[in-house]
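K.L.:
Working from the sequences, and respecting the hints, build out all of it.
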Amino acid sequence: MKWSKLWSWLWIVLGGLYFILPLVATFEFSLRAKKDQLSFLAYQRLFADPQFFQTFLFSVLMGLLTIVISILLIVPTAYWIRLKLPKVRVVVEFISMLPFVIPAIVLVFGMIRVFSGPPFYLTDTYTGNTVLLVGGYVVLALPYTYRAIDTGLSAIDVRSLTEAAQSLGAGWGTILFKIIFPNLRVAILSGSFLTFAIVMGEFTLASFLVGIKAFGPYMSLIGQNKTYESSSLAIISFALTWAAIWVMQLLNRGQSERQLTGGR
Amino acid sequence: MSNKPLPGLTPTENTKRDAPQARPAKSVVSKWLGVLPFFLFIFIFVVLPSISLFIGSFQDSKGNFTFKNLVDLVKPEYANAYWVTIRISLVTAVAGGILGFMMAYAVTLGGLPRWVRSILSTFSGVASNFAGVPLAFAFVATLGRTGMVTVILKALGVNLYDSGFSLYSFWGLSLTYMYFQFPLMVLIITPALDGLRKEWREAAENLGANSFQYWTKVALPILMPSILGCMVLLFGNSFGAYATALSLTGGFINLITVVIGSQIKGDVLHNVNLGYAMAFGMVLVMSLTMVIYYFLRRRSERWLRQ
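Just so you know, the protein sequences line up as chains D and Z, in that order.
Heads up: the first sequence begins at 470 in the working numbering, then just goes up one per residue.
Heads up: the second sequence begins at 49 in the working numbering, then just goes up one per residue.
Be a bit skeptical, because a hint or two may be false.
[Claimed, not checked] BS3-like cross-link-like pairs, simulated, lysine-lysine; straight-line CA separation at most 25 Å:
| hint | chain 1 | residue 1 | chain 2 | residue 2 |
| --- | --- | --- | --- | --- |
| 1 | Z | K110 | Z | K313 |
| 2 | Z | K246 | D | K474 |
| 3 | Z | K202 | D | K503 |
| 4 | D | K695 | D | K504 |
| 5 | D | K553 | Z | K79 |
| 6 | D | K471 | Z | K79 |
| 7 | D | K695 | Z | K313 |
| 8 | D | K695 | D | K503 |
| 9 | D | K474 | Z | K265 |
| 10 | D | K682 | Z | K313 |
| 11 | Z | K79 | Z | K110 |
| 12 | Z | K123 | Z | K110 |
| 13 | Z | K116 | Z | K313 |
| 14 | Z | K246 | D | K471 |
| 15 | D | K695 | D | K682 |
| 16 | D | K647 | Z | K79 |
| 17 | D | K556 | Z | K79 |
| 18 | Z | K202 | D | K504 |
| 19 | D | K647 | D | K553 |
| 20 | Z | K313 | Z | K123 |
Simulated from the structure, these hints should not be mistaken for laboratory data.
P.N.:
Below you can see the structure in the form of structure tokens.
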């Protein structure tokens, strides 16, 4: 018994070091902008950079748009399928896994090919590129948002709620927005935080569609010419991811721990 | 109750129920109208781009049908990009899989206190999502030429870079990928380990098996499809990675994603359609991994109800 415990601790310590060492090293590095003394100078410089806030806000906005569109698209669909088209569920489940088969770089490649020419010409305009970016993010987040919402729906009795609402005279809009959405708020929130974490650091789609406007490409640019600032960006980015995942796990507490990742 | 509970009621069962639906759907058309927006969205943002690449990979520069692009993929200079990507994905899937499995084992069956498990679960959730540009920065600060670990090891008399190591090489990139690979393994293998029943161990011990025999003859054979399935997912996870490799090595290592990236920026292959074929090849590899994953997952469900 004693041995097996020691063995367990050994692996935890090993993996724990792998987790923590890069964080410690990065944090320490980010404090070395001033010669011979530790300081938050790199952070101050970052926060003084207007581009930091512009790109950060842009990505926050993209994240929020992605979340809203994902919810508006997936909740009614998943609800409707449970109610009326149970056989289609397998198909939608399969579709929701497609981003695992089509990597982001391939997705953006195809998007550029389709939408840069007639009849769309979306890549010619700022709005067009933003539409493509958000559309792509909704796709990338699909496995997580769909899973979260579908799990949430399985916990409520969709049919009874619908029939009760209908017998009281509610229309589809009322049922969706006053009954289904409120009942799914935990599932929706937990999916949203993961989506947000994915969008904030996303680089592949952003760099080809909107370039330096988004936070991911901005981080990359800083990395090319500012050593200490790039470390502080890594710390900020890690803190953001941490906060998002932590809130998500708080919301999911008591439910299964199964989740996957995205946004390589 | 002899009937197994079904996921979602089928329409025929529903009509058999006592109360009729309050408002039955007027027609088949209105039934499908409800899912139209979703399928339309998927068609525009997933199907169209995929089909476009697919068709493009079978065309020459004038738009005529050809197999030449796909045949060209076998040429060493292009096949090599796949090969490097496959190798790095294999290495990090196996190594990350083993480390992740051992950690998951430690917190599920290893008798460690409960708080270790909850910390590990949060850490894994965060680290498996911490990838791309900031991850590359973190590893430069750790194992780069002036990185903390490099400097500490130097002070201890071990000079990493003199002994041939470089963060900007195959192995350096593998170490970096490991940061999101093994936490993902922890997350996806933990339910399988939770599914191992105590009774099996007790039964084995009652029959006189020691711990080693239990693991090699009972637990590992049961877990093997899950472990392999999770490793296949890890493989796919690093196969499609782009941002991490690009920002760490600046495209120095010719991963397939990096090649496609440069192709999008400026036709480095001097053949647009060859680029589409390379992307199509990626989708093929990924599809294959998913097929293997589903096969293994069905095998694993024979014993483990997750």
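K.L.:
Given the proposed pairing of D/K695 with D/K504, does the C-alpha separation stay at or below 25 Å?
P.N.:
15 Å, holds
K.L.:
Given the hint that Z/K313 pairs with Z/K123, test it: the Cα-Cα distance must not exceed 25 Å.
P.N.:
22 Å, holds
K.L.:
Hey, D/K695 versus Z/K313, does the alpha-carbon distance stay inside 25 Å?
P.N.:
Holds. D/K695 to Z/K313 sits at ~24 Å (cutoff 25 Å).
K.L.:
Are the Cα positions of D/K474 and Z/K265 separated by 25 Å at most?
P.N.:
21 Å, holds
K.L.:
Would you mind confirming whether the straight-line C-alpha gap from D/K695 to D/K682 stays at or under 25 Å?
P.N.:
18 Å, holds
K.L.:
Do the alpha carbons of Z/K110 and Z/K313 lie within 25 Å of each other, as the hint requires?
P.N.:
21 Å, holds
K.L.:
Between the alpha carbons of Z/K116 and Z/K313, is the straight-line distance 25 Å or under?
P.N.:
23 Å, holds
K.L.:
Just to be careful, I want the Cα atoms of D/K553 and Z/K79 compared with a cutoff of 25 Å; is the pair within it?
P.N.:
7 Å, holds
K.L.:
CA of Z/K202 to CA of D/K504, is that 25 Å or under?
P.N.:
21 Å, holds
K.L.:
Verify the proposed pairing of D/K695 with D/K503, using a straight-line Cα cut of 25 Å.
P.N.:
13 Å, holds
K.L.:
Below or equal to 25 Å on CA atoms is what counts here, so check D/K647 against Z/K79.
P.N.:
Answer holds: D/K647 to Z/K79 is near 21 Å, not above 25 Å.
K.L.:
Has the given pair, D/K682 with Z/K313, been kept, meaning a C-alpha gap of at most 25 Å?
P.N.:
Given pair D/K682, Z/K313 holds - Cα atoms ~17 Å apart, limit 25 Å.
Going down the numbered hints, you'll see the structure goes against 6, 11, while the others check out.
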